[in-house]
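**Q** Listed below, chain by chain, are the residues.
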Amino acid sequence: MDKILEVKNLKLYYHTNKGAVKALDDVTFDLYKGETLGLVGESGCGKTTTGVALLRMPSPPGRIEEGSQIILDGRDIMPLTERQIRKDVRWEEVAMVFQGAMNCLTPVYTIGKQMMETLQEHREMEKKQAEELIKEYLSLVGLPPEVMGRYPHELSGGMKQRIVIATALFLKPKVVILDEPTTALDVIVQAQIINLLKKLKKTFDLSFIFITHDLSLEAEVSDRICVMYAGKIAELGTNQQIYGKQGPMHPYTEKLLQATPLLRKKVESLSFIPGAPPDLIDPPTGCRFHPRCHKVMDRCKVEEPPLIEVEPGHMVACWRCVK
Amino acid sequence: MSLNDNDVILQVKDLKKHFTPHQSLIQSLAGSGQKRPIKAVDGITFDLRRGEIFGLIGESGSGKTTTGKMIMKLIEPTSGTMVFNGEDVTHTDKLRTQVYRRQVQMIFQDPYASMNPRFKIRDVLQEPLIIHKIEGDNQKHDEMIIKSLTEVKLNPPAEFMGRYPHMLSGGQRQRVATARTLILNPMLLVADEPVSMIDLSTRAEILAMMKDVQRDLGLTYLYITHDLSTARYFTDRIAVMYLGRIVEMGPANELIDNPIHPYTKALIEAVPEPMTGKVDVIKELPISGEIPSPANIPPGCRFHTRCPYAKPECSEQSEPELMDAGNGHFHACRRWKEI
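Line by line, the protein sequences give chains A and L.
Read in order, the letters of the first sequence are residues 1 to 323 in the working numbering.
Read in order, the letters of the second sequence are residues 1 to 339 in the working numbering.
Calculated from the structure, these hints are not laboratory results.
Idealized CB from N, CA, C, for every residue including glycine.
Incorrect hints may appear among the rest.
Claimed, not checked - Sample of chain A residues facing chain L (criterion: CB under 10 Å; computed from the structure):
#, residue
1, Asp30
2, Leu270
3, Pro274
Hey, can you work out the whole structure from these sequences and the hints?
**A** Here is the structure:
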């Protein structure tokens with residue numbers, strides 16, 4: 001399969017008075033054409049930061065460090081100027097649906113006007129033509145054309161989320177980053193949106209990066225799963241490798257799965273991970289997970305484990321997996 | 001239900017809360033178009049048994065939080081009764097309300113917003129003692145604070161008392177929030193989404209702690225949530241709400257393994273599961289659309305507009321009441337035997 005996106009040694013530090021917060025530290029992964037890659041982890045592990053870095057718009061005082069490479073469809077976008085990024089990359093090739101984006105629609109403009117604004121910013125287009133296009137996209141996300149004349153407060157959460165998704169797809173991007181697109185929605189609406197996303201992916205031949213903290217949801221959406229912890233990748237594997245019979249290999253993923261309550265099975269007690277994620281200004285030495293790990297060894301405390309391939313397509317950063 | 005009155009700590013009967021939308025002066029002078037009331041809670045009846053964890057489940061707009069607020073006496077019910085420990089507490093004076101609030105305490109959803117950032121944990125925990133004029137000097141209060149911090153397993157308590165909320169993790173804050181409710185020796189705790197803002201890795205830890213506290217102190221919980229999975233793990237009985245009414249109620253395991261009402265079935269169907277092999281599957285959803293507005297409740301069975309099994313009788317006949325299907329499993333579906 002062809003790669004649409006290659007991320008190599010991505011580092012994003014927030015430079016604060018107290019020192020650099022290493023929000024992303026040497027993150028390397030690929031995204032294949034037509035796949036959905038899931039990013040999971042606790043809050044503060046760098047999921048959203050990865051998404052923002054791919055658009056090359058870290059919020060200050062964040063900075064993408066030297067040596068990071070983001071290769072989009074064969075072209076390294078790191079050396080590009082801000083102007084080129086705006087013209088060629090951001091929203092054009094890579095689009096992002098931000099967490100809570102549905103709550104960021106302007107309350108004083110109609111939906112049609114807001115969608116029109118996005119379109120006219122990037123494309124020279126007659127108003128008539130633009131309206132037609134908006135109607136087409138609205139019907140693609142399952143909304144009637146009348147929605148154009150409505151204000152955001154007249155719509156439900158699910159409808160607003162559909163509008164945000166339609167807007168992200170306008171410019172025909174190749175990669176769409178979805179940051180917790182269903183977190184604020186009810187389960188039935190969540191299932192509707194997930195179905196919609198799966199259909200749109202096929203229609204437009206898209207590649208998705210799906211960010212969520214919900215391991216159950218990720219299992220139903222993503223072809224491959226990338227588990228992040230404290231700014232690093234802990235484990236990356238196919239859906240089968242992470243959720244299949246054999247189970248995940250990194251102790252962190254293992255524990256996270258055991259902490260997920262199951263609906264269809266009665267569990268007497270759930271396990272949990274003691275402690276809290278580390279401070280990224282001064283992360284623990286060795287493996288960043290070692291203070292909370294139930295399988296910790298002496299080596300873990302001093303030496304940082306590399307991310308190595310333990311079986312085809314399955315990468316794990318744990319000393320227990322190094323033979 | 002033939003329960004001894006002593007086993008029931010709170011009896012809620014036909015409780016309703018209707019909000020009247022605001023009208024402008026001109027609208028009311030013109031007298032035109034009296035706005036419809038918003039029926040947030042529209043006649044719910046249930047018993048909380050002493051020492052149980054009762055889950056109130058529903059989507060947003062189902063009225064579960066409004067119910068919690070009425071039980072906390074933060075808002076006045078429009079009609080219906082609440083009987084707490086054999087005493088009618090639906091409408092009480094200021095003095096009785098204050099005593100009631102000592103017996104019924106609440107844990108809020110957001111552990112970041114529910115504490116004064118300028119207060120040390122000691123002050124956070126002493127505040128309820130001052131408000132409720134619990135006798136004792138600082139030293140006596142300190143003993144009570146240490147006791148409640150120990151109950152929620154924040155060790156060593158003395159160290160936590162000197163910290164500020166920003167120095168604690170989300171899980172630790174939720175423990176402090178629990179300790180703050182325990183300090184008044186309540187009988188009933190209302191917990192509105194207590195873990196929805198806590199990371200998955202510590203969520204189970206908080207729920208386990210709350211369960212331990214409940215067992216040790218013999219408390220009763222009303223657990224309000226939208227999350228069926230934690231409800232199954234955490235509660236003894238569950239009531240599912242839809243548009244201001246309970247549509248199904250029963251023992252947690254029984255209700256989730258053998259749901260009767262089409263709405264409960266759909267909810268369970270929609271919950272994702274951490275299993276492989278479902279990426280290419282488009283989930284069949286038995287119900288479409290979204291929850292209607294509580295200002296415009298459909299006639300007859302209020303679920304009929306979205307129900308895949310609805311027949312003309314469902315909208316024409318009066319609203320079905322809760323019926324017992326045996327073993328304490330109640331439901332409000334007239335056609336349950338056919339579907």
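**Q** All hints are to be evaluated individually against the structure, with a verdict given for each.
**A** Taking the hints in turn, this is what the structure says about them:
Interface restraint check for A/Asp30: the shortest CB-CB distance to chain L comes to about 18 Å, outside 10 Å, so the restraint is violated. Checking A/Leu270 against chain L by beta carbon gives a least distance of about 4 Å; that is within 10 Å, so the hint holds. For the restraint placing A/Pro274 at the interface with chain L, the shortest Cβ-Cβ distance is roughly 8 Å, inside the 10 Å limit, so the hint holds.
Comparing the model with each earlier hint shows a violation of hint 1 alone; every other hint is respected.
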